[in-house]
Amino acid sequence: MAAAFDEMKGQDGGVRPAYGELARWLGEVPPDVLDYRRREAELIFRRIGITFAVYGEADAQERLIPFDVIPRIMAASEWRLLEKGLTQRVKALNAFIKDIYGAREILRAGVVPDDLIFRNPAFRPEMSGQPVPHDLYVHVAGIDIVRVDADTFYVLEDNARTPSGVSYMLENREIMMRLFPELFSRHRIAPVENYPDELLATLTSVAPVSASREPNVVLLTPGVFNSAYYEHSFLADKLGVELVEGRDLFVKDEIVYMRTTQGPKRVDVIYRRIDDDFLDPLTFRPDSVLGVPGLMAAYQAGNVTLANAVGTGIADDKAVYSFMPAIVKFYLGEEPLLKNVPTWRCREEEHLAYVLDHLHELVVKEVHGSGGYGMLIGPAASKVAIEQFRAKLKTAPKNFIAQPTLALSTCPTCVEAGVAPRHVDLRPFVLTGRDRVRIVPGGLTRVALKEGSLVVNSSQGGGTKDTWVLDG
Amino acid sequence: MLSRTADNLYWLSRYVERAEYLARILDATQRLSALPLAYVGTSNEWESAVATAGCAAAFFKVYDEANEENVTDFLAFSTANSSSIRSCFESARHNARAVRTALTVEMWDAINGTWLELQRYGNGPTSREEFSRFLRWVQESSLRYDGSAYRTMLRNDAYWFSRLGVYIERADNTARILDVKYHLLLPENERVGGPLDYFQWAAILRSVSALTAYHWVYRDSLKPWLVADLLILRDEMPRSLASCYEAIVRNLDAIAGAYGRQGPAQRQARGIRTRLENSRMDGIFQRGLHEFIGEFITENNRLGAHITEQFLI
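Here the protein sequences come in this chain order: S and F. Going by the working numbering, the first residue of the first sequence is number 4, and it counts up by one from there. Going by the working numbering, the first residue of the second sequence is number 209, and it counts up by one from there.
I should point out that these hints are in silico values taken from the structure, not numbers from a laboratory. All residues carry an ideal CB built from backbone N, CA and C; glycine is no exception. Some hints could be false.
[Stated by the list, open to error] Partial chain S-side listing against chain F, Cβ under 10 Å, derived: (1) V227; (2) A239; (3) G243; (4) V247; (5) K397.
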């Protein structure tokens, strides 16, 4: 694996222009001040209760995601490139999902194999031939981007279901402005605080045609025990919409209502942060107590908009992901602006053979996996772990894809011994409404805090950073 | 607003109010039990504290004896007692998390800060001094939450439901003290200035933070019927039943005004207030103080049920 590209120092060791001020500032600021601010930030986070739960850790029901006080910076030109690429990508995603649940031209054209769709657990037969309001499926996408050099960005995952993390993007910025006002005055940083407004505009724009002129939007959460509950309540508050649980809603005559102190009130748009499986016990998992009985019937009758639509999970499959460049070309007739990471599909014999021969240098992931669980990072794995994984891979090759180990870019980060480079990724949030695509400049930067680690997931010890897009 | 949100706000207020009340009872009991026997007699103050908190049955399921150690543990720190101070704060924070969007930053800060601080007390303080500090801290936490709500909330239904929780709980608490201690307040028990009862009366007033208020209102030494008058009928005493009901009616009216609809809760509240308004202490004593209080507790609970049915489910 080649040495990683450092976003501050570049390839040749000189400071890249976007980082000029920050590098100067890092040179001036005493290390104990940085450390003091770091602890101050943690105190604030704990106080406002920005916590998340890690599944399977009984002792830590509420934990903080570590926050790194050194911002990650992108030049305006870099951002413009990303913005175009992201817009193109979500347009293709929406066209693809609409096609899959509609005419299925891409399957007939043989661009994507049938069984990849129809055997996919995230495929929802209930959605076949089922129109959705304004033909939009992915209203909110959290597309994970990694960078390997000055010019090359890869899309790592599309996250077309219920991506989370945007509250961290917003809170990180708030905290940074509180802790480092002098640093802000030395930069011109594009704001992100308008995200809730953009989200609300997106959600109201996709209300069913039958809805009133002021559609009633709600945010549906699984409840306080969900790991992202903080984000749900945070967003509902910023949006000024009700934060509802399944039990707050009911369906009568295919219309969704919420229970209020003044009696039932009609609901038009549900920004749901709960998986397909749990939406409606009458259609999906009958044991789900999180959902709303009859919700799918109301949805199919066109009386309510679900954002995101049901069935978008097919685009999150990592084998489907590998077809994204072809998907972009098929629907838009354009070359993809953002690259895909080269991917071997273990379901194909030749690919599998290659992967088995090169396990020690590849990253192997489950096609339906997420959150960094159940993957093998070849270069970092022990021989025993590789052999165990080989056995797993051979029993069910269809369940896996493999990718080269990317040298993710690094950013200066506060660590025990001072400031050192650590690997980062970026999750911008892409909003698609009836009128247009909206993206606030920046996103959530996640950072692998352990030296050399490439895993940025918060469930695996990753942290976050504020992401600055310089204005002009 | 969502019924669940209103329900959470209502109970959040009740839990915080209850925690404060428990702290006051424990404080008053600690003072009483510290007095030489000659001043307070042989009655078991700790047992009376458990009764005043309304959880005697639950207590004696766990303990055989009501002594200082068992009672402070049960009322303040026990996780087995769903109405201990700890449990109240835990439930309050759980409710607060569930309705974060309906709370102001200051309210959330007060409740979350209290909960974080609570973790520091672990399984209880190691000394009486520390326990006293703990009780003061509980009262301060409640004041902070109440003050945050009062000073920062929009005056809309969320505010009114949260206020209703405060006053219904407060009325219940005041009535409970009267229910347990009524025999000390009866006129025929009259031994004015008798040392035994004097400290009991003082303790009752202390439990509802009314000792100083008493002197300002009556400019008289402690007389049992005046203590009863203060806690039941005096409008200007913020923990009296009359004052609680004035506030309950006002908040329910605000809700009815905003929703354009009256219901059973409004009617029930007005009924109770009218009864309080038309009562005089001698009449209450004549018909029986104990019966009067018992009836009040029942009617107050019935109002709680009406509120739940009309708005919260």
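**OP:** Output the numbers, in ascending order, of every earlier hint that fails for this structure.
**Re:** 5
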